[in-house]
Amino acid sequence: MPKVIDSTPKADGFRMPGEFEPHAGTWILWPERPDNWRLGAKPAQKAFVEVASAIARFEPVTMGVSHAQFANARQMLPPEVRVVEISNDDSWVRDCGPTFVVNDEGVVRGVDWDFNAWGGLVDGLYFPWDKDDAVACKICEIEGVDRYKAPVVLEGGSIHVDGEGTCFVTEECLLSEGRNPDLSKEEIEAALCDYLGCEKVIWIPLGIYNDETNGHVDNIFAVVRPGVVVIAWTDDESDPQYARSVAAKEALEAATDARGRALEVHTIHIPDPLLITEEESQGVDAVDGTLPRLPGDRQAASYINYYVVNGGVLVPAFGDRHDEAARVKLQELYPDRAVVAIESAREIILGGGNVHCITQQQPRG
Numbered sequence: 001m002p003k004v005i006d007s008t009p010k011a012d013g014f015r016m017p018g019e020f021e022p023h024a025g026t027w028i029l030w031p032e033r034p035d036n037w038r039l040g041a042k043p044a045q046k047a048f049v050e051v052a053s054a055i056a057r058f059e060p061v062t063m064g065v066s067h068a069q070f071a072n073a074r075q076m077l078p079p080e081v082r083v084v085e086i087s088n089d090d091s092w093v094r095d096c097g098p099t100f101v102v103n104d105e106g107v108v109r110g111v112d113w114d115f116n117a118w119g120g121l122v123d124g125l126y127f128p129w130d131k132d133d134a135v136a137c138k139i140c141e142i143e144g145v146d147r148y149k150a151p152v153v154l155e156g157g158s159i160h161v162d163g164e165g166t167c168f169v170t171e172e173c174l175l176s177e178g179r180n181p182d183l184s185k186e187e188i189e190a191a192l193c194d195y196l197g198c199e200k201v202i203w204i205p206l207g208i209y210n211d212e213t214n215g216h217v218d219n220i221f222a223v224v225r226p227g228v229v230v231i232a233w234t235d236d237e238s239d240p241q242y243a244r245s246v247a248a249k250e251a252l253e254a255a256t257d258a259r260g261r262a263l264e265v266h267t268i269h270i271p272d273p274l275l276i277t278e279e280e281s282q283g284v285d286a287v288d289g290t291l292p293r294l295p296g297d298r299q300a301a302s303y304i305n306y307y308v309v310n311g312g313v314l315v316p317a318f319g320d321r322h323d324e325a326a327r328v329k330l331q332e333l334y335p336d337r338a339v340v341a342i343e344s345a346r347e348i349i350l351g352g353g354n355v356h357c358i359t360q361q362q363p364r365g
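Positions 1 to 365 (our numbering) are the ones given, in order, by the sequence shown.
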């Protein structure tokens, strides 16, 4: 039976692999809450089917679904996607699911972080979040892997690693008041190193403008491979994102990773400002305690919220003039992988995230 290990991954010789390392498969959670996803989540469900089907070309996919939506999800998804019943509050498995770690013998374990819906009672996005907080434990149970219970509030979208000892985060998110206000920056760094098996943390000042997750790193930054990274960029100096991207680029170019390497920093231009339309806003139910979706709200759209799978890269497409340049750049950065555009990415960003936010890799070990 899977158990909770009273130690840390680092002490036991475990590390979080880079996303570009081989996967055993991918986890996703099915969308359904009508106060986040418009029109009863039907458009979002079609988008999640597109993502799951694309991933299934490259590796196994498991969809966690509530009891109420199980039959519907099973009917909508292709037969090669495994469907399991997992109660949840919303569909962001990157953030509420486990972070998997491996050792040199190929053993895989899970890290179960505290989850509080991106800020708890300070600036969280919904209440309650108890079902989401239990998702990591349930996935580890289903997979039969032991887990560590990390004593910090953290989401998987707020960390990136190179698999060789370096962790990348944003100050905007990890130092936000709704996460771990009782911990110093140094204490947070120590926890990251202990539970991810890292040696060094590189801090990026800010994430994407108007990102309701307090600036998750996975929307502005990604690791292509050790020593090579890519960030979201804009050439428009009047855009609020410009200063944020410049600050990220300067921080990364001034840093060295855990192996002492200077970083090769690439850029991908963000799409033009993506604003919620009146029609899109009207399709979302209003509920006390849930962040509203209002007409004219700018979404934190970024091509950096892509997901790397075995032999492939899934990149958001927004019907924007920058879509093709982003795809071409990613193909240059990942010459040995097929770059697949997710055409329904606008539907996912309307819920607050994108392709990377709705997926969680399980390493092969």
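Since the hints were derived computationally from the structure, they do not count as laboratory data. Computed from a predicted structure; not experimentally measured. Treat the hints with care, since some could be wrong.
Said to hold, decoys possible - With a straight-line cut-off of 25 angstroms between C-alpha atoms, the simulated DSS-like cross-links for lysine-lysine are:
#	residue 1	residue 2
1	K10	K149
2	K200	K149
3	K329	K249
4	K185	K249
5	K3	K185
6	K10	K185
7	K42	K131
8	K10	K138
9	K149	K3
10	K149	K138
11	K200	K3
Hinted pair K42 and K131, Cα distance within 25 angstroms: Holds, because 22 angstroms separates the two Cα atoms, which is no more than 25 angstroms.
Given hint K3 paired with K200 - CA-CA distance at most 25 angstroms: violated (29 angstroms)
K10 paired with K138 [C-alpha distance capped at 25 angstroms]: holds (23 angstroms)
Pair hint K149 and K138, alpha-carbon separation not exceeding 25 angstroms: holds (13 angstroms)
Pair hint K3 and K185, alpha-carbon separation not exceeding 25 angstroms: Between K3 and K185 the Cα gap is close to 30 angstroms, so the pair fails against 25 angstroms, i.e. violated.
Restraint status (C-alpha distance of K149 to K3 at most 25 angstroms): holds (10 angstroms)
Agreement of K10 and K185 with the hint, judged by alpha carbon distance not exceeding 25 angstroms: holds (19 angstroms)
Pairwise hint evaluation, K149 against K10, where the allowed Cα distance is 25 angstroms at most: The given pair, whose Cα atoms are some 13 angstroms apart, holds under the 25 angstroms limit.
25 angstroms Cα cutoff - pair K329, K249: holds (17 angstroms)
25 angstroms Cα cutoff - pair K200, K149: This hinted pair holds, its Cα atoms lying about 21 angstroms apart.
Agreement of K185 and K249 with the hint, judged by alpha carbon distance not exceeding 25 angstroms: holds (21 angstroms)
Of the numbered hints given earlier, the model fails hints 5 and 11; all others are met.
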